[in-house]
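K.L.:
Throughout the sequence shown, residue numbering follows my numbering, covering 15 to 240 in sequence.
One or more of the hints may lead you astray.
Said to hold, decoys possible - Below, simulated DSSO-like cross-link-like pairs (lysine-lysine); rule was C-alpha separation at most 30 Å, straight line:
no., residue 1, residue 2
1, 188, 154
2, 234, 192
3, 234, 154
4, 234, 188
5, 192, 154
Because the hints were derived from the structure by calculation, they are not lab data.
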Amino acid sequence: MELCRLHEWGLTYAEAIQVQLALAGMVSTRNEVVAPRLIAGIDARYEGSKGMATGAVVVLSYPDMALREVRTCQALPLFPYIPGLLSFRECPVIMEACRRLTLSPDLVFVDGQGIAHPRRIGLASHVGLLLDRPTIGCAKSRLCGEHEEPGPDRGAWSDLVDAGAVIGASLRTKSRTKPVYVSVGHRVDLSTAIQWALACYGGYRLPEPVRLAHLAASGKLAETEA
15 MELCRLHEWG
25 LTYAEAIQVQ
35 LALAGMVSTR
45 NEVVAPRLIA
55 GIDARYEGSK
65 GMATGAVVVL
75 SYPDMALREV
85 RTCQALPLFP
95 YIPGLLSFRE
105 CPVIMEACRR
115 LTLSPDLVFV
125 DGQGIAHPRR
135 IGLASHVGLL
145 LDRPTIGCAK
155 SRLCGEHEEP
165 GPDRGAWSDL
175 VDAGAVIGAS
185 LRTKSRTKPV
195 YVSVGHRVDL
205 STAIQWALAC
215 YGGYRLPEPV
225 RLAHLAASGK
235 LAETEA
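Build the full structure now, drawing on both the sequences and the hints.
P.N.:
Below you can see the structure in the form of structure tokens.
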């Protein structure tokens, strides 16, 4: 899969902040999702605070949600763990896994925040810019913002608001379970992001592409080629 080269990775803290501020202005919140047939999920995990990082990407066909391809990559992180700068730690290994894909997804879910981030450029938005694909952030916890509790049934949601701006949604993907936090990554609007988070339901709290990417990153889903 072809990637966009937007900046270097060996950055200082101050340089990473400046890159984020520049990239935030490149994020599109206009919907460009049109009848996706291939949907990807992305996740990363670590072996301890200083251990190896594993990036994983899975590709599913839609609407049957059949698993079509799994790619992973392992490497030592180039950047320390700093809240708000997670993408500089995770993106290099994630991008290498994506580079190995033979399929080209139409829509990408990322286990992380999109614009629901203090500088409006979380992991999902960063990944979206690097892949130049419509991208949705979906996370179990929030990084910033406040919201009212959504209703108890599947499909209920409430706005996630920060500094007077709607930056995402607290979405009940499964009845009577904790909500997830959905936000625009890139080239999608919030209502469409919510729609597809619900459409990719596989019986679990997380949308199926994100859930399977988590399994792949954890070594519980074998790598496959399309």
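K.L.:
Hints broken by the structure, by number, lowest first?
P.N.:
When the structure is compared with the hints, none of them turns out to be violated.
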